[in-house]
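Visitor: Letter by letter, the chains look like this.
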Amino acid sequence: MSQASTGNRLSGPLHDVAGEAGHEHHPPRMGFFTDTSVCIGCKACEVACKEWNAVPEDGLSLSGMSYDNTVSLGASTWRHVAFIEQIGHGPPATEPFAADGAPAETAEPANPGDIRWLMSSDVCKHCTHAACLDVCPTGSLFRTEFGTVVVQDDICNGCGYCVPACPYGVIDIRPGDGRAFKCTLCYDRLGAGLEPACAKACPTQSIQFGELDELRERAADRVEALHAAGRPEARLYGESPDDGVGGDGAFFLLLDEPEVYGLPPDPVVTTRDLGAMWRHAAAAAGTMVVAVGAAFLTSRGRRR
Amino acid sequence: MGVRTWIEGWPAYRQLAGPDPLGRGVAAESSGSRDLVARTEQADRVVRSICPYCAVGCGQRVYVKDEQVTQIEGDPDSPISRGRLCPKGSASKSLVTSPARVTKVRYRRPHGSEWEDLELDTAVDMIADRVVRTRRETWQDTDDEGRVLRRTMGIASLGGATLDNEENYLMKKLYTALGAIQVENQARI
Amino acid sequence: MAEAHPVGFQWVMEAKKRGATVIHVDPRFTRTSALADVYVSLRAGSDIAFLGGLVNYVLENELDFREYVVAYTNAAAILREDYQGPDDLDGLFSGYDPDGRHYDSTTWQYEGADTPSPGSGEMTETEPAQGAGGDPSASRVGGAAGRAASYGDTHGSGGAAITGKPRRDETLQHPRCVYQVIKRHFARYTPEVVSQVCGVPEDQFLRVAREMTENSGRERTTALCYAVGWTHHSVGAQYIRTAAILQALLGNIGRPGGGILALRGHASIQGSTDIPTLFNLLPGYIPMPHANAHPDLESLVGDEEKQAGFWGNMRSYVVSLLKSWYGDAATADNDFCYGWLPRLTGNHGTYQTVADMADGKVKGYFLVGENPAVGSANAKMQRRGLASLDWLVVRDLVMIESATFWREAPEIETGEMRTEDIATEVFVLPAAAHTEKDGTFTNTQRLLQWHHKAVEPPDDARSDLWFYFHLGRRIREKLAGSTDERDAPLLNLTWDYPTDGPTADPSADAVLREINGTGPDGSALSAYTELKADGSTRSGCWIYCGVYADEANQAARRKPGQEQTWVAPEWGWAWPANRRMLYNRAAADRDGNPWSERKRYVWWDAKAGKWTGEDVPDFIPDRDPHYVPPESATGPDAIAGDDPFVMQTDGKAWLFAPQGVADGPLPTHYEPPESPVANPLYRQQQNPAREVYPRRDNLLHPSGAQPGSEVFPYVFTTYRVTEHHTAGGMSRTLPYLSELQPELFVEISPALADERKLQHLGWATVVTARTAIEARVLVTDRMRPLTVDGRTVHQVGIPWHWGPGGLSRGDAANDLVAVALDPNVHIQDKVGSCDIRPGRRPRGPALLEYVEEYRRRAGITELTGTEGVTP
Amino acid sequence: MSPRERSMVPRAEFDSYYGRPILKRPTWKVPDVPAYLTLGGAAGASAVVAAGAELAGRPELARAARRNAAIAALAGTGALVHDLGRPERFLHMLRVLKPTSPLSVGSWILAPFSALSAAAVASDVSGRLPRLGRLAGAGAAVLGPALATYTAVLFADTAVPAWHEAYPELPFIFAGSALASGAGAALVTTAAAECGPVRHTAALGAAIELAASRRVERRLGLVGEPYREPGRARSLLQAGKLLTAGGVATVLVGRRSRTLSAVGGLTLLAASFLTRLGIFEAGVASAEDPRYTVAPQRARMAERGAREGTPSGRPLGTAG
Ligand SMILES: Nc1nc2c(c(=O)[nH]1)N[C@H]1C(S)=C(S)[C@@H](COP(=O)(O)OP(=O)(O)OC[C@H]3O[C@@H](n4cnc5c(=O)[nH]c(N)nc54)[C@H](O)[C@@H]3O)O[C@H]1N2
Ligand SMILES: Nc1nc2c(c(=O)[nH]1)N[C@H]1C(S)=C(S)[C@@H](COP(=O)(O)OP(=O)(O)OC[C@H]3O[C@@H](n4cnc5c(=O)[nH]c(N)nc54)[C@H](O)[C@@H]3O)O[C@H]1N2
Ligand code: SF4
Ligand code: SF4
Ligand code: SF4
Ligand code: SF4
Ligand code: SF4
Ligand SMILES: [Mo]
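Protein chains in written order, with this note's numbering: chain A, 1 to 304; chain B, 1 to 189; chain C, 1 to 871; chain D, 1 to 320.
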């Protein structure tokens with residue numbers, strides 16, 4: 001392990017995630033490019049994932065959130081298709097939040113005839129810097145040779161730490177089971193040279209699986225094509241190695257702001273600040289010793 | 001030696017000794033992960049099939065292990081579907097392995113309030129009796145004007161369109177020989 | 001299409017990627033709309049006006065593909081003088097018989113054509129008219145089914161045969177040539193009128209018109225895709241007719257990228273019409289004999305033989321069928337046992353049967369993979385029917401509502417039925433799933449695909465093949481030795497399929513081979529052209545002949561798509577003759593050259609003296625494009641070199657249909673059987689030939705201007721969602737699908753929510769004269785009020801998958817729907833009028849009182865809404 | 001919200017997906033985890049106090065504090081194990097040692113700490129191996145401050161805005177609170193007369209905790225809202241502060257009263273629990289409201305955009 005790479009070990013671009021995790025002769029990093037501009041909201045990805053991974057049913061309740069009754073990713077939902085009904089295309093008329101975070105007024109749409117129904121299949125991002133993995137105390141979460149992030153269900157003890165660590169709100173504990181679950185990027189299938197179940201099922205290839213480098217190229221081309229076709233709102237999300245998590249192994253082409261889809265606009269892996277955190281903790285620990293020392297010193301006189 | 005293997009199997013030791021000091025990858029790998037095999041790899045056989053839901057007719061591959069269906073997924077060879085399946089097609093394994101399936105004959109006697117058991121053989125025999133009897137009782141040789149009818153209006157059938165062509169063929173053939181003409185299909189619905 | 005044929009939709013996305021403009025026309029903004037370039041919201045039940053507007057746009061602006069139209073359609077044919085249309089007759093066509101409520105098509109004929117139809121009056125007893133079956137697509141199967149419709153009994157077999165070719169005016173100037181007639185007919189469908197009827201803004205309509213016409217012609221083609229949004233109407237067949245006229249005018253038939261593509265329903269719905277379990281058809285669209293018209297084989301096939309086209313060989317198809325059923329017993333001397341076939345006397349369609357059932361006329365019923373207690377119109381009447389049987393056999397994978405009605409029907413709760421009063425004896429026999437049996441499905445593109453048995457079915461579960469084989473075997477055993485003549489067909493039936501395995505499952509392969517047919521030497525035939533009328537060949541379904549060519553199961557071919565041309569001819573087998581596109585002769589011009597390089601598909605190779613191309617040519621292989629048959633020719637010999645529509649007797653696409661359609665030679669807009677809107681076009685409100693059942697258990701609403709129609713002020717339509725399948729047996733029982741759409745809901749616009757004080761996610765009660773159901777409310781901008789004829793019309797969207805059983809439950813939408821049918825195919829309407837109110841519906845007997853109150857207010861009697869001519 | 005707010009499939013808003021949280025709610029259980037934090041803090045501080053007492057020649061206080069450390073550590077471990085979804089797999093915590101995982105580090109602190117403090121007590125009670133016992137006590141004292149403060153990193157090293165953003169202060173709040181509660185424990189279990197230094201410890205701890213808390217409330221801006229705006233978290237935190245102040249006052253006033261000392265000590269323990277619970281709840285509240293996730297990230301992007309003039313830092317709310 002070279003010292004030079006430690007800068008990369010907690011944040012920033014990282015060229016060889018699998019290598020950094022000790023995989024010596026590993027295949028290229030594999031991932032997803034989810035092109036939401038061609039998603040038809042069929043939810044085949046959700047079902048195929050559940051069938052392959054035997055993920056249990058996650059509740060039968062009508063959410064009222066358009067056609068989305070899955071609601072969010074979770075321990076028993078590893079793919080989640082979001083449905084967003086919008087009136088009026090193009091950029092939002094108002095700012096989402098004022099600088100102080102107060103919710104902004106949503107203006108009445110300019111052209112009410114203009115309906116848009118966005119659909120997008122969300123999944124674990126298989127972050128370059130995966131907070132879930134880094135905070136996992138048992139090594140249950142680990143980096144595979146494909147550069148993906150996987151929970152090992154024979155190890156997880158349900159400590160729950162990964163849950164609040166994930167900046168995308170992906171991983172969760174399954175009630176009744178106690179362990180954490182999320183997308184494995186079909187680790188078993190990848191090992192057999194198969195593509196993940198969700199990508200395989202996807203009728204329109206909204207979910208594209210492949211070598212991450214190649215997917216990034218493909219995605220750039222697609223954005224360009226959409227821009228040329230008069231869709232300036234198309235943008236990539238999570239593809240940049242320079243972002244707060246060092247780039248996602250599963251990234252997206254979106255047609256609106258990330259938060260519209262329930263994605264954080266600029267997530268940063270929490271461990272980026274880990275050094276500073278430990279330093280502050282050490283200072284606090286030192287302060288404790290000093291304080292106790294002082295307490296004894298100031299009390300000494302009074303006791304004989 | 002036992003202790004040694006144990007130590008060497010201890011991930012924390014592997015962290016120190018191997019290329020993964022932070023315990024993120026190889027060091028943390030469990031035996032479960034090491035032995036992980038896609039269940040499609042373990043199938044005794046793979047059988048080619050077609051999705052039973054809609055008329056797109058997507059290709060399916062059915063994986064069988066120990067005479068149980070363990071996975072159904074799209075057939076990439078199909079020029080129709082290119083390996084893809086919609087949510088219904090993707091749920092096919094659940095469909096054929098569903099605990100909700102009826103697998104035993106159920107019988108409700110006239111005016112009965114509960115289901116009863118019946119041997120399959122008995123059931124088919126009883127049905128054959130009813131067909132023969134009803135046919136006899138409702139047979140029409142000719143109409144009022146003496147035109148040939150050769151039929152029964154006492155027996156009707158409504159068949160689904162998830163049935164195979166071969167099944168429809170035998171149905172039509174048998175019904176026609178029986179003289180049953182109210183033989184319909186969901187194609188009408 | 002994205003909703004109900006998601007994997008098929010990948011090809012739309014593929015086209016879109018290559019620059020195609022995708023237009024979606026639907027009352028609701030759906031997942032398909034979301035991906036379309038243009039979305040048009042129209043009033044449910046008004047598509048004929050919309051399509052008619054497009055036809056008018058084409059004709060008005062002379063944008064038709066003239067060369068194609070002149071050569072390949074009947075535009076040039078000249079009609080009789082006494083034909084009159086809706087413009088002349090306030091919404092009717094000439095030949096309407098108000099008493100029988102049906103049309104006599106005499107006046108619709110070509111001038112000088114031989115003996116016109118005798119009319120259907122004498123043919124029918126219970127119902128006026130009927131035709132071919134067919135889910136969304138009677139006309140999907142093109143000439144075959146269209147033709148078969150004419151066989152139904154509207155005209156009787158061959159009665160309306162057009163022999164001799166019509167007089168033509170290829171300048172299209174003759175005032176009575178079809179071109180001029182349709183031009184006049186559609187002139188009324190101006191953009192203003194389209195907007196008025198459909199609620200579609202004019203500019204939106206014009207955008208569609210421009211897109212479509214600019215993308216049609218020599219270099220480009222446009223395809224129309226439809227499913228039950230077009231067919232489930234009392235004028236469903238006419239919807240498709242309108243589309244056919246439009247596509248024929250634009251030259252979009254028989255050419256790559258064109259067509260009218262029926263997105264059919266179930267895995268083998270196409271197969272279920274090809275090898276029909278339909279009352280009016282024998283395999284291969286051969287009509288079932290009618291007691292009146294078809295006393296002998298000659299009467300069934302004789303007139304056909306005089307006609308041009310492949311129906312001219314019908315005798316060989318029928319004889320081969322009889323031979324394959326009755327084997328050696330069928331001889332030329334005994335008319336090949338034709339006499340053993342049972343006869344029709346009228347409409348014996350499923351809705352008629354259910355009405356009869358409810359009236360106690362039907363004793364025994366087989367439900368084989370059908371759930372009418374949820375899936376069929378007026379599900380209440382369906383359940384009444386089931387409860388009036390002596391015995392019922394249900395074969396299904398799961399416990400469906402049609403099997404449990406005697407304890408779970410809503411009528412038990414309301415007190416209309418009591419379990420102990422229901423005398424029906426019910427047998428539920430578990431069915432084998434597709435993975436548990438061999439067999440073929442025929443998909444929406446007429447492709448037969450074999451599925452292999454993977455495992456044995458569990459416990460008592462058996463294939464339907466097993467059931468019918470062993471049931472037949474047992475019945476034959478019980479009747480063995482009978483000398484009763486009526487038992488002869490059973491005892492002489494060829495019924496000796498090899499069986500196999502622990503359950504003695506009959507061989508599906510052997511059945512397929514029988515369907516294919518065999519020659520005199522007992523070996524499998526390879527094409528229907530080999531069939532003989534002398535009894536030397538057998539074939540269970542002539543259009544499937546070739547599926548077992550070379551003694552190989554061609555439907556099981558699975559050469560990977562990647563290793564084939566884009567037509568992929570070696571994957572499965574398509575009828576007829578493994579042809580992937582019908583009428584593909586039309587892809588070449590009159591001289592046999594491709595219309596354009598871009599649209600090359602099938603063309604004449606003059607050097608080789610044969611047709612060739614990407615696909616199996618749908619033409620006589622060596623017929624010169626300039627061939628002109630002699631006057632006396634019949635059958636295939638009478639097909640001219642420029643007659644691409646080889647199943648039509650004149651070889652042309654019919655812009656005007658002189659026969660075969662029960663409710664008019666041209667489509668015209670009628671309101672659905674129940675509509676809050678008065679027909680903006682003329683007095684005639686509904687299709688005057690629609691089939692109605694004036695019964696207490698099938699009450700209809702007043703419509704349009706009639707008093708009481710305001711009691712049901714909203715339009716509702718029913719449809720599917722991607723996450724569920726039809727009546728739910730295959731989806732509501734599965735957790736992974738149920739959780740995706742866990743409950744019945746209705747979709748309404750914010751404006752309707754305001755008007756009726758409906759809360760998002762709250763409950764609503766939807767009411768018709770049949771009953772009331774409750775559902776959760778989804779208020780969504782995807783539903784929008786329309787302005788129709790100057791007033792606001794609200795639509796209520798109801799997915800119809802739910803019922804009281806399964807994991808995901810809800811009331812059945814079909815409890816609301818009335819039986820009022822298309823007269824050609826006897827198919828239900830999915831659209832109607834209703835009221836919607838906040839809150840849950842009353843329970844128990846209070847529900848009956850609640851609905852009765854509505855009926856009182858609307859002044860409904862058994863006769864309401866059943867009139868033929870609008871008074 | 002739209003002024004014409006109607007009940008329907010909500011019109012898309014630009015702040016989040018149907019107002020749903022972006023982050024997952026921490027699944028840690030109450031009271032398990034706040035209890036663990038409290039007990040771990042008290043244990044860690046107790047071990048330090050014990051060492052101080054040892055050095056200062058206050059054997060009674062030292063023994064009591066050692067006992068408290070051991071008991072708190074064991075009870076804390078119990079709470080931690082109870083919180084696990086698969087308690088029987090507790091030992092998997094020692095499978096790896098991950099510096100990136102505060103909980104892993106913490107486990108490797110907690111385990112030896114518990115062992116050492118238990119050994120020290122065992123030696124005390126049995127009178128055997130006194131030197132080793134003392135050594136064990138010293139070891140525990142070395143680990144004690146780490147045990148008390150690593151939990152702050154445990155919280156901070158998450159995506160939960162109110163925890164992560166407070167990472168500079170949290171260790172001090174935890175340290176202060178630990179001192180007060182460790183002192184409180186000693187006050188409960190030790191004769192009043194022996195407790196002089198721990199009273200001071202309590203006072204100092206309280207001061208550190210309150211000062212750090214104040215800074216969190218002031219510094220954090222929007223994300224600090226759950227700490228300062230009315231709500232469950234603030235109520236708990238305020239109660240914690242009141243009890244801390246009250247507890248310190250009591251132990252200082254009740255210097256000679258065994259009862260008052262004990263009451264004050266218990267009050268401090270309770271205060272520490274409430275403080276941890278309050279911080280826990282503030283974090284939960286900040287995770288559950290997507291505003292706290294989105295707005296700061298948006299602001300950050302805007303700032304970056306302004307600074308770099310790059311499209312990656314798009315201004316608020318426009319399409320990129
Ligand atoms: N997911 C899923 N797929 C299926 C099925 C299923 O149940 N679930 N069923 C299969 C079967 S059996 C069939 S037949 C097909 C049916 O496939 P489709 O016909 O596509 O199914 P529907 O949803 O019934 O109707 C299609 C659309 O018609 C619209 N519509 C309703 N009334 C009108 C009208 O008057 N005019 C126009 N233009 N549109 C109208 C509805 O809003 C709906 O969006 O789907 C097959 N595929
Ligand atoms: N209002 C309204 N009503 C409609 C429609 C509409 O759009 N609106 N659509 C209509 C249409 S297009 C259709 S197709 C019908 C569908 O209505 P149905 O055909 O009644 O509905 P399904 O649920 O498809 O029923 C098929 C049954 O077959 C069972 N099954 C599956 N495979 C097999 C098998 O191999 N053997 C046997 N024996 N059983 C099997 C399944 O479990 C299922 O219960 O509904 C029609 N009803
Ligand atoms: S998205 Fe969340 S769960 Fe997935 S790898 Fe990144 S941090 Fe872990
Ligand atoms: S819950 Fe499981 S996967 Fe998550 S951090 Fe704890 S041990 Fe690791
Ligand atoms: S990659 Fe596999 S585990 Fe992940 S969402 Fe897709 S199917 Fe599920
Ligand atoms: S399978 Fe593909 S198209 Fe369907 S919802 Fe998932 S991502 Fe979208
Ligand atoms: S996978 Fe979906 S689209 Fe394909 S045949 Fe099955 S139901 Fe139809
Ligand atoms: Mo259908």
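Watch out, some of these pointers could steer you wrong.
[To be verified] One-sided and incomplete, this derived list gives chain A residues near chain D with beta-carbon spacing under 8 Å:
1. S72
2. S76
3. C136
4. T138
5. C159
6. V163
7. A165
8. G169
9. A220
10. D221
11. V223
12. Y261
13. G275
14. A295
15. F296
I should point out that these hints are in silico values taken from the structure, not numbers from a laboratory.
Think of the CB as a built atom: it goes at the ideal place given N, C-alpha and C, for glycine as much as any other residue.
Visitor: Run every hint past the structure and note whether it holds.
Guide: Right, here's what the structure says about each hint:
Annotation: interface hint on S72 of chain A holds; nearest CB of chain D at approximately 6 Å, less than 8 Å. Checking S76 of chain A against chain D: minimum C-beta separation of about 13 Å lies over 8 Å; hint violated. The beta carbon of C136 of chain A is positioned within 8 Å of a beta carbon in chain D (closest approach about 6 Å), and the interface hint is therefore held. Taken as an interface hint, T138 of chain A checks out: its beta carbon lies about 4 Å from the nearest beta carbon of chain D, inside 8 Å.
A cut of 8 Å between beta carbons decides the hint on C159 of chain A: the least distance to chain D is about 6 Å, and the hint holds. Look at V163 of chain A: its Cβ gets to within about 5 Å of chain D, closer than 8 Å, so that hint holds up. A least Cβ separation of about 5 Å between A165 of chain A and chain D falls short of the 8 Å threshold, and the interface hint therefore holds. At its closest, the beta carbon of G169 of chain A sits 4 Å from a beta carbon of chain D; the interface hint therefore holds under the 8 Å criterion.
The restraint placing A220 of chain A at the interface with chain D is violated, with a minimum CB-CB distance near 14 Å, outside the 8 Å limit. About 17 Å separates the beta-carbon of D221 of chain A from the nearest beta-carbon of chain D, more than 8 Å, and the hint is not met. A hinted interface residue such as V223 of chain A counts as satisfied when its beta carbon comes closer than 8 Å to some beta carbon of chain D; here the least separation is about 10 Å, so the hint is violated. Nearest Cβ of chain D to the Cβ of Y261 of chain A: about 6 Å, under the 8 Å cut. The hint holds.
Because the beta carbon of G275 of chain A sits about 10 Å from the nearest beta carbon in chain D, more than 8 Å, this interface hint is broken. With a cut of 8 Å, the hint placing A295 of chain A at the interface with chain D holds, because the nearest CB-to-CB distance is about 4 Å. At its closest, the beta carbon of F296 of chain A sits 4 Å from a beta carbon of chain D; the interface hint therefore holds under the 8 Å criterion.
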